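Going down the list, the sequences are from chains A and B. Residue numbering for the first sequence follows our numbering, beginning at 1 and increasing consecutively. Residue numbering for the second sequence follows our numbering, beginning at 1 and increasing consecutively.
Incorrect hints may have been included.
Reference excerpt, derived from the structure (chain B facing chain A, CB under 8 Å, subset only) [to be verified]: (1) Pro44; (2) Leu46; (3) Arg61; (4) Phe100; (5) Ala102.
For each label pair, taking beta carbons as the anchor points, the in silico distance ranges come out as [claimed, not checked]: (6) B/Asn31 / A/His26: 35 to 45 Å; (7) A/Lys18 / B/Arg61: 21 to 31 Å; (8) B/Gln60 / A/Met27: 44 to 54 Å; (9) B/Gly41 / A/Ser55: 42 to 52 Å; (10) A/Lys38 / B/Ala70: 22 to 32 Å; (11) A/Gly14 / B/Gln14: 21 to 31 Å; (12) A/Lys18 / B/Glu79: 21 to 31 Å; (13) A/Lys22 / B/Asp59: 27 to 37 Å; (14) A/Ser20 / B/Lys58: 37 to 47 Å; (15) A/Asn70 / B/Glu79: 42 to 52 Å.
Honestly, the hints are just simulated from the structure, not real lab data. Bear in mind the structure is a predicted one, so any value in this text is a computation, not a measurement. All residues carry an ideal CB built from backbone N, CA and C; glycine is no exception.
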Amino acid sequence: DTEVTQTPKHLVMGMTNKKSLKCEQHMGHRAMYWYKQKAKKPPELMFVYSYEKLSINESVPSRFSPECPNSSLLNLHLHALQPEDSALYLCASSKGQGDSYNSPLHFGNGTRLTVT
Amino acid sequence: GENVEQHPSTLSVQEGDSAVIKCTYSDSASNYFPWYKQELGKGPQLIIDIRSNVGEKKDQRIAVTLNKTAKHFSLHITETQPEDSAVYFCAASIHYKLSFGAGTTVTVRA
């Protein structure tokens, strides 16, 4: 079982809805990531938090809003999404940002999001 | 940025045979090369990784080789079993960013 827990597992939302995805890890990792994965494609990096501060935003549209309330939790707030935003959203963590040489990424099982 | 190419895109093997997946990368500064296995409905799971100061690493039926001069690395799975059926992603890392290959769908025929 993965040590990165994501909820919900599945989410269906309309284009006018507001919803949030949640991620939790208890490995003491200080870097947390959001990735987006479309069917039959590799994960694409969206955001990186390092020590609870947003350090990387890969030019993600503002309808996606990340939040890191503490070192164990990561949220992704969704608002006014488009059908093309339907995808698997993966959370990951590592010991430290910029330290993949010494600290691999651990992924959760993702939230399958469908925008109608 | 880093560009990782992965081949083949699909691979079908008979149970008990070996499977080999190959990746090439473009940026010589990449220093960390993980392999992830993704089963249906799950997130990618790290199965083995190799760092740039090592040429080969083995963990039971799985091995990875790295050729820094040629900028390519490979995953070898021996004695394949049905549970090895999944999508496998290679990746190359510089600092925080993992650049993934396009993935290989491996099917192990019983």
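Provide an ascending list of the numbers of those earlier hints which the structure does not satisfy.
-> 3, 6, 7, 8, 9, 11 and 12
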